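Number of protein chains: 2
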Amino acid sequence: MNIDCYSITEEDFINEMEPNNNDTFDEYFLDSNLCVSTMIKKYDVPMLDNNEYMKKTKKKNLQCAVCGARAFGYNFDRITCESCKAFFRRNALKNIMELKCRFDGNCDITIENRRFCTYCRIKKCFAIGMLYEILSSKEK
Amino acid sequence: MNIDCYSITEEDFINEMEPNNNDTFDEYFLDSNLCVSTMIKKYDVPMLDNNEYMKKTKKKNLQCAVCGARAFGYNFDRITCESCKAFFRRNALKNIMELKCRFDGNCDITIENRRFCTYCRIKKCFAIGMLYEILSSKEK
DNA sequence: CGTGGTTCAAATGGTTCA
DNA sequence: TGAACCATTTGAACCACG
Chain E
1 MNIDCYSITE
11 EDFINEMEPN
21 NNDTFDEYFL
31 DSNLCVSTMI
41 KKYDVPMLDN
51 NEYMKKTKKK
61 NLQCAVCGAR
71 AFGYNFDRIT
81 CESCKAFFRR
91 NALKNIMELK
101 CRFDGNCDIT
111 IENRRFCTYC
121 RIKKCFAIGM
131 LYEILSSKEK
Chain P
1 MNIDCYSITE
11 EDFINEMEPN
21 NNDTFDEYFL
31 DSNLCVSTMI
41 KKYDVPMLDN
51 NEYMKKTKKK
61 NLQCAVCGAR
71 AFGYNFDRIT
81 CESCKAFFRR
91 NALKNIMELK
101 CRFDGNCDIT
111 IENRRFCTYC
121 RIKKCFAIGM
131 LYEILSSKEK
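Residue numbers (UniProt numbering), protein chains in the order written: chain E, 1 to 140; chain P, 1 to 140.
These are calculated hints, taken from the structure and not from any lab test.
Predicted model, so just to flag it, every value in this text is computed and none were measured.
Please note that a few of the clues may not be correct.
[As the list claims (entries may be wrong)] Have a look at the derived ranges for each label pair, beta carbon to beta carbon:
#1 P/127 with E/115: 35 to 43 Å
#2 E/72 with P/127: 20 to 28 Å
#3 E/134 with P/128: 38 to 46 Å
#4 E/104 with P/129: 20 to 28 Å
#5 E/129 with P/77: 24 to 32 Å
The beta carbon of each residue, even a glycine, is placed where N, CA and C say it ideally should be.
Based on the provided sequences and hints, a complete structural model is requested.
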């Protein structure tokens with residue numbers, strides 16, 4: 001986590017932003033009516049380099065592309081652990097205002113800290129390419 | 001670190017303040033200019049009975065990393081008791097100048113004296129790695 | 001058999017009040 | 001201040017469909 005950001009309050013952070021300059025995913029804080037997945041699409045969140053996207057063959061000793069935990073297979077089109085799978089299901093379609101980062105929106109996500117920043121965790125889920133389209137239509 | 005200390009040193013105290021037999025820790029604390037830990041050391045403060053506390057048998061047998069009290073799990077990413085958890089919530093985001101140590105800023109924190117020096121208690125909370133990042137943003 | 005979906009106990013941040 | 005409580009999130013285990 002980026003502790004340096006702490007001197008800025010969240011309110012300051014939001015106020016500092018220019019209202020009509022929604023160039024990035026993070027600045028989308030200002031514009032609050034869309035869900036995370038829409039935002040990701042609209043603002044073209046950069047994808048991480050995808051060595052993680054292995055051929056769908058071997059299922060042993062896999063590592064979650066989000067947090068690094070042990071993984072047993074694909075979930076929503078990427079190799080992830082069970083907890084990130086459940087997390088993605090629960091959060092991918094939420095309104096972004098429910099998932100604010102307390103810092104600069106670039107928290108590292110690890111197995112130890114993954115539950116401390118839902119914003120950056122879901123952001124990373126999308127960044128590695130997890131597909132919300134696979135979520136059943138009833139939840140959309 | 002010597003923030004807002006009184007001028008008397010621990011050594012001065014021990015030399016000049018021989019307690020008489022009627023002195024108790026509590027009486028002394030009322031007019032204290034002295035470090036809690038020093039007082040405790042000098043006046044042989046009776047230990048609280050832990051049996052009551054220990055009776056709450058739960059699954060785990062953990063010890064608070066701040067004060068040593070019985071702990072039941074993680075709070076703010078470290079194993080702590082419920083009281084240090086609540087204390088951290090209340091104080092982690094305060095201005096440090098609101099939390100003055102009367103002494104040298106190095107009070108020992110124990111289950112018995114933890115509430116006597118908020119400065120040193122919060123200092124220890126941070127020293128053991130409690131994460132203020134987990135505090136929800138609305139309190140910042 | 002793989003993976004999306006479900007369940008639920010455990011964990012833990014937050015609240016209350018004496 | 002801290003014991004007791006409450007509410008929400010989590011993730012391991014499981015189910016079931018294709």
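**OP:** Provide an ascending list of the numbers of those earlier hints which the structure does not satisfy.
**Re:** 1 and 2
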